[in-house]
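One line per chain: the protein sequences are A and B, in this order. Sequential numbering of the first sequence, starting at 12, is according to our numbering. Sequential numbering of the second sequence, starting at 12, is according to our numbering.
These are calculated hints, taken from the structure and not from any lab test. Treat the hints with care, since some could be wrong.
Below, a list of computed lysine to aspartate or glutamate pairs in the EDC-like style, where the Cα atoms sit at most 16 Å apart [to be verified]:
(1) B:K281 / A:E323
(2) B:K281 / A:D332
(3) B:K15 / A:D325
(4) A:K281 / B:D325
(5) B:K208 / B:E219
(6) A:K275 / B:D332
(7) A:K281 / A:E46
(8) A:K15 / B:E200
(9) B:K114 / B:D86
(10) B:K15 / A:D203
(11) B:K275 / A:D332
(12) B:K15 / A:E200
(13) A:K281 / B:E323
(14) B:K281 / A:D325
(15) B:K281 / A:D203
Reference excerpt, derived from the structure (chain B facing chain A, CB under 7 Å, subset only) [what the hints assert, rightly or not]:
(16) M228
(17) E263
(18) I264
(19) P278
(20) I280
(21) Q284
(22) Q307
(23) N309
(24) I327
The beta carbon of each residue, even a glycine, is placed where N, CA and C say it ideally should be.
2 protein chains.
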Amino acid sequence: MSDKAPWITYRPELKVLDCTIRDGGLINKHQFSDELVRAVYDTCIEAGIDTMEIGYKNSARLFPKEEFGPWRHCDEEDLNRVVGGHDSEKTGLKLSAMADATKSDWKEQLVPASESVLDMIRVAFYAHQVSEATEMIQHAHDLGYETMANLMAVSNITETEIDVVLEKIAPTPASTMVIVDSFGHLYREQVDSLYTKYAKAMAGTGKEIGIHAHNNMQLAFANTLEAIILGSNRADATMMGLGRGAGNCPMEILLGFLRNPKFKLRPVIKLLQEHIAPLRETVAWGPSVPYNITGQLNRHPKAAIEWRESEERDDILTFFDQIQGDR
Amino acid sequence: MSDKAPWITYRPELKVLDCTIRDGGLINKHQFSDELVRAVYDTCIEAGIDTMEIGYKNSARLFPKEEFGPWRHCDEEDLNRVVGGHDSEKTGLKLSAMADATKSDWKEQLVPASESVLDMIRVAFYAHQVSEATEMIQHAHDLGYETMANLMAVSNITETEIDVVLEKIAPTPASTMVIVDSFGHLYREQVDSLYTKYAKAMAGTGKEIGIHAHNNMQLAFANTLEAIILGSNRADATMMGLGRGAGNCPMEILLGFLRNPKFKLRPVIKLLQEHIAPLRETVAWGPSVPYNITGQLNRHPKAAIEWRESEERDDILTFFDQIQGDR
């Protein structure tokens, strides 16, 4: 990449992960049709996206199948029905699922990678769950999966806690340590500070640094770019920003910006029109004032999500007053 | 400002300008009710905002009064009807109007500052209009106004052209040279490059550097922050991002982020609820896929505005194909 006008060149190592179904499923209990999931899959291949995260490997005990759709559990039979015969070599697309510490029956749920269409397991965890996370990473690695470590809600823990997590993750076989701004609270200088810390802790391990941003303050794309500028080679995005609350970094903006000619924007625009925009008839997502407020306050967006779902949704002043009084 | 965690401290010199009526008026031909304009004015005072840009001083010859509302011309009688007796000392709020090169009858339209409620004239111009702009700045200054220089569409001209403009503006009495991203095309490293160029050209003149960002790629707030981080002390924003096309940097996000205790967010939220959100019944603004696309292509948003106003508005794929073919 040239130093002079880096915005017209590209870094071949930079890879994009689509987590539309996995993160977007948090707003509809993962009740997506097979057709939609397949359309996202086909689009990822056409668009040159590197990885598609197709759902969670979460426990059916905690997320009963009567209530939650198949992409909350990613049972092999559901995966095979929709993307059976997937070949990451031929398509250029890796398939990933996310397993959460405490929410996944990971010892039972994961089959050997050679028996699955999945190529990667991303392990999501809060700081205090790092010990289970390292076991999960090792287990998934032993089964033949590529792994990533996603420390969630990083804006809400101390620097010392982050340091301990990074120290524990460094020796694991995870390929990537991801900066995850669950609350959509971070801004540029905080991303810089975290990137520096993560990169230092992972130096010499060969690990990449990833970025997973939320859009509460309309900074998801900006923070994703910031991490990329600093050297992050793994970026998450979702189609039309689909995701819980304010949503994620929009894939159409990220791909429209990246200069690697392998990335194609048109298939993404087609998907938005045919499959994603119509979802707005039944579910709501994207930045709005209540999410701005929870993001600014470094709080989980759930209060804003509930407000947006209530009959008071337009009374943003009362929401502001209540959440201020609530601190 | 501390180097260590600058996001919890503040820089007292940083001033915020509200251009809701001026920029927002581009989507409704400045047909705002007196009540709404007064509500924005009262809110600016309550919220601690430093300057309110209440409209354009544009020619009634070019923008006939049968078609365009009073905030396109800012005649003194209209100003006096709504904010008569305005006192910038008592309220802490300066009032500004924008005059465009070639679009303003500035020699006739401007009265001496001592006879006007206006405190400031911002001169907007394209690069090739810099000579008229410098005359306008001098004229407004001689009449007693503070002045700013807004070079528009900076993403679309050469670096040499920018250098010449900056050289011409440097000796004028303008208090501020503003980075204006009319097409919503710039991203972080381009803002950096422009800021450095502007700051270097204005060094020793006492001029501040301002930032006026558009939200085509959801980067208006991020780019505003970026300029602020680098040292910009004059930031533009609008209520709920109201503005042509994808709109502007949203005031509620900017003020919620700034740490100077003089800024109050609650009056802004109240205004949004009572006056700005209801405008969505008649006018549309804010980021969407067609604006993402024109922003990425460094084009004026007018093709996207027209598309959004047409019956084909949801056919974003055809828009994408047409504009690609159009290059």
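Now for the hints, and whether the structure bears them out:
1. B:K281 / A:E323: The hint holds at about 15 Å.
2. B:K281 / A:D332: Measuring from Cα to Cα gives roughly 10 Å; hence the hint holds.
3. B:K15 / A:D325: 38 Å, violated
4. A:K281 / B:D325: It holds: about 11 Å lies between the C-alpha atoms, which stays within 16 Å.
5. B:K208 / B:E219: 13 Å, holds
6. A:K275 / B:D332: 13 Å, holds
7. A:K281 / A:E46: 15 Å, holds
8. A:K15 / B:E200: Answer holds: K15 of chain A to E200 of chain B is near 10 Å, not above 16 Å.
9. B:K114 / B:D86: Roughly 15 Å between the alpha carbons, so the hint for K114 of chain B and D86 of chain B holds.
10. B:K15 / A:D203: The hint holds at about 12 Å.
11. B:K275 / A:D332: 13 Å, holds
12. B:K15 / A:E200: 10 Å, holds
13. A:K281 / B:E323: 15 Å, holds
14. B:K281 / A:D325: 11 Å, holds
15. B:K281 / A:D203: Outside the cut-off at roughly 34 Å; violated.
16. M228: Given a least distance of 6 Å, the restraint on M228 of chain B holds.
17. E263: 6 Å, holds
18. I264: Result: holds, 5 Å to nearest chain A Cβ.
19. P278: 10 Å, violated
20. I280: 5 Å, holds
21. Q284: Holds - the Cβ of Q284 of chain B comes within 7 Å of chain A, reaching about 5 Å at its closest.
22. Q307: 4 Å, holds
23. N309: 11 Å, violated
24. I327: At about 5 Å, which falls below the 7 Å cut-off, the nearest Cβ of chain A leaves the hint on I327 of chain B intact, so it holds.
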